[in-house]
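Peer 1: Each chain, letter by letter, is given below.
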Amino acid sequence: MATEFHNLQELRHSASLATKVFIQRDYSEGTVCRFQTKFPSELDSRIERTLLEDTVKTLNTYYAEAEKMGGQSYMEGCLACATAYIIFLCMETHYEKVLKKISGYIQEQNEKIYAPRGLLLTDPIERGMRVMEVSVFEDRGSSGSSLSSSATSGGSAQR
Amino acid sequence: MLHLGVAEPMRDCEYSQISTRSSTPMETPFKKRTPKRRKWQAFPGRNKFYCDGRIMMARQTGVFYLTLVLILVTSGLFFSFDCPFLSVKLTPAIPVIGGVLFVFVLGTLFRTSFSDPGVLPRATPDEAADLEKQITNCSSSGYRPPPRTKEVVINGQTVKLKYCFTCKIFRPPRASHCSLCDNCVDRFDHHCPWVGNCVGKRNYRFFYLFILSLSFLTIFIFAFVITHVILRSHQEGFLSALKNSPASVLEVVVCFFSVWSIVGLSGFHTYLISSNQTTNEDIKGSWSSKRGKDNYNPYSYGNIFTNCCAALCGPLPPSLINRRGFVESDTSQPTPPTNGITMYGSTQSQSHMAAATPLMQTETVILTNEGSLPGRTSLGGPCSGALPLGGQPTPPTSNPNLSSDSDMLPLRKDHIDGLHHHHTDGGHHPFLTPEEAPSPPGMLPCGSPVGHSHTVQGFYNPASQDSLHEDSVRGLVKLSSV
Numbered sequence: 001m002a003t004e005f006h007n008l009q010e011l012r013h014s015a016s017l018a019t020k021v022f023i024q025r026d027y028s029e030g031t032v033c034r035f036q037t038k039f040p041s042e043l044d045s046r047i048e049r050t051l052l053e054d055t056v057k058t059l060n061t062y063y064a065e066a067e068k069m070g071g072q073s074y075m076e077g078c079l080a081c082a083t084a085y086i087i088f089l090c091m092e093t094h095y096e097k098v099l100k101k102i103s104g105y106i107q108e109q110n111e112k113i114y115a116p117r118g119l120l121l122t123d124p125i126e127r128g129m130r131v132m133e134v135s136v137f138e139d140r141g142s143s144g145s146s147l148s149s150s151a152t153s154g155g156s157a158q159r
Numbered sequence: 001m002l003h004l005g006v007a008e009p010m011r012d013c014e015y016s017q018i019s020t021r022s023s024t025p026m027e028t029p030f031k032k033r034t035p036k037r038r039k040w041q042a043f044p045g046r047n048k049f050y051c052d053g054r055i056m057m058a059r060q061t062g063v064f065y066l067t068l069v070l071i072l073v074t075s076g077l078f079f080s081f082d083c084p085f086l087s088v089k090l091t092p093a094i095p096v097i098g099g100v101l102f103v104f105v106l107g108t109l110f111r112t113s114f115s116d117p118g119v120l121p122r123a124t125p126d127e128a129a130d131l132e133k134q135i136t137n138c139s140s141s142g143y144r145p146p147p148r149t150k151e152v153v154i155n156g157q158t159v160k161l162k163y164c165f166t167c168k169i170f171r172p173p174r175a176s177h178c179s180l181c182d183n184c185v186d187r188f189d190h191h192c193p194w195v196g197n198c199v200g201k202r203n204y205r206f207f208y209l210f211i212l213s214l215s216f217l218t219i220f221i222f223a224f225v226i227t228h229v230i231l232r233s234h235q236e237g238f239l240s241a242l243k244n245s246p247a248s249v250l251e252v253v254v255c256f257f258s259v260w261s262i263v264g265l266s267g268f269h270t271y272l273i274s275s276n277q278t279t280n281e282d283i284k285g286s287w288s289s290k291r292g293k294d295n296y297n298p299y300s301y302g303n304i305f306t307n308c309c310a311a312l313c314g315p316l317p318p319s320l321i322n323r324r325g326f327v328e329s330d331t332s333q334p335t336p337p338t339n340g341i342t343m344y345g346s347t348q349s350q351s352h353m354a355a356a357t358p359l360m361q362t363e364t365v366i367l368t369n370e371g372s373l374p375g376r377t378s379l380g381g382p383c384s385g386a387l388p389l390g391g392q393p394t395p396p397t398s399n400p401n402l403s404s405d406s407d408m409l410p411l412r413k414d415h416i417d418g419l420h421h422h423h424t425d426g427g428h429h430p431f432l433t434p435e436e437a438p439s440p441p442g443m444l445p446c447g448s449p450v451g452h453s454h455t456v457q458g459f460y461n462p463a464s465q466d467s468l469h470e471d472s473v474r475g476l477v478k479l480s481s482v
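Chains as they are written, first to last, in our numbering: chain A, 1 to 159; chain B, 1 to 482.
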């Protein structure tokens, strides 16, 4: 985990933020969480269309899985109701588990695909699930040193 | 979390190194020693927080305490005065069932009142600027700027998404801005003063279970108190029965008046759940067939059973506002400290700007921005990434200031729509107190004075900031090589 951060921090130190591109939500299927797969034109020169579209599509399937209403979520809901929702003190909801998977996926995508191209995806949950933020860095060319990560934003405090 | 331990000594080291480089005295130890603020302390909405951010309620909680007192007193009287007689005369199952109902009512009440209803965090300055750019691009052909709405087709129905001027976002479908709490809430149902909170996506099921169980409890107590009085009057005569159990009279009165409103409310919400509508939509008649022959509810699943299951047993989304997370110290902008940087509350930035200089702020910007990398499971709120790095263009930020007055009118209408979200059953007192109605517009241009000061004092020059950043990076590189 530390080495992965070092790579991303090298990116940060050697580059400066040029702009941020926002991928908005796609509400055409209702209130489920989906992001638009339309490719933003500002990223034309930075990344191949298919890579970003694949990432967004995979994220959309993850979100669909989190919000899926099937047997498992009903069981979870009924069990929680029966225990007066105390069970959520001990157990993570299905949604939270999928969100963790999504965080891991985004980090992996950042390391493999986006950081080498000077881009950085921000997990939508940190933006209130409104947008997917793609930070575009201008590479300064100077060799950054790998410093450890700075203070975090309170980590995984979940409600 | 473990990164904190690693980061702090490094950061101390960096700060002290920077202070030797530059000539300005840095209150570095002071900065590091200020206690970290939690995000709830810097929350821009009008909510009250308790237990260090674990509990979240609306600002006016007086009626909630009334609800609590009514339930506790009536149930207390029932268990103390009526249950002994009834458990002996009839069956001890009565206090047991009553007890279970009572505990369930309180549990769901607390869950409704204390949890996050589904508040949507406000847009970061970058997002707001980007949206502004898009909106101004659309209206660049010179005619009057279009009203800030977006249309989207959901399941064949055209839905208008409105732009919220306070939160600077386009509201998702079914979201609405609560003027009492000054937040956009997802799947906003209504603001309930009886539970002291908004009712939205995350706590609607608890609210429904609360009113349902309270209906059962009220009917239960009503029925058994009447039974108690009747049984006693067989023994002693009606008047002496009443004299011997005066509590029963009080209970009957409270229950009688509550039953109509609460049972009515439960029935109304049962209808709403089965048709998958919110109170908001029902009152406005958004999906009523009176609006047009082709008007139907695009969110409904088609059958009552699925709608009910979805509302009550569906997945519970986590809170989007990270109440107990820590405010990152990078939220201060590298401009004069008096600038209230963020367009929403400026409290968090001011506290951190106190001891910082532009150079150090830039540095903290870069470093803590790394902290908000994906891969951390932090549910970031409005504070993460609030700093506009690398040149936030000012013209877009000045636009809302100029047009904010003219835009007040549609916004006021939105907020008044929000105020009208009360139950048609009359179970709730009208909470549209006159002093509350005008207050939201007063709150609204919270962006504008900030924005004005932003432009007046001279925003930071992106180019100079970049050079500062370069210097600091080079400085750090030198240090680490030593």
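Read the hints as simulated data drawn from the structure, not as lab findings.
Computed from a predicted structure; not experimentally measured.
Ideal Cβ placement from N, Cα and C applies to all residues, glycine included.
Among the clues, some could well be false.
Derived DSSO-like pairs (lysine-lysine); straight-line CA-CA distance at most 30 Å [claimed, not checked]:
no., chain 1, residue 1, chain 2, residue 2
1, A, K57, A, K100
2, A, K68, B, K133
3, A, K57, B, K160
4, A, K38, B, K133
5, B, K36, A, K57
6, A, K100, B, K36
7, A, K38, B, K36
8, B, K36, A, K68
9, A, K38, B, K160
10, B, K162, A, K38
11, A, K97, B, K36
Computed beta-carbon distance windows for the label pairs [claimed, not checked]:
no., chain 1, residue 1, chain 2, residue 2, range
12, B, T158, A, S41, 21 to 29 Å
13, A, Y74, B, K290, 46 to 54 Å
14, A, T58, B, P92, 25 to 33 Å
15, A, G71, B, K290, 48 to 56 Å
16, B, L72, A, T83, 32 to 40 Å
Peer 1: Could you tell me which of the numbered hints above are not met by this structure, giving the numbers in increasing order?
Peer 2: 2, 5, 7, 8, 13, 14, 15 and 16
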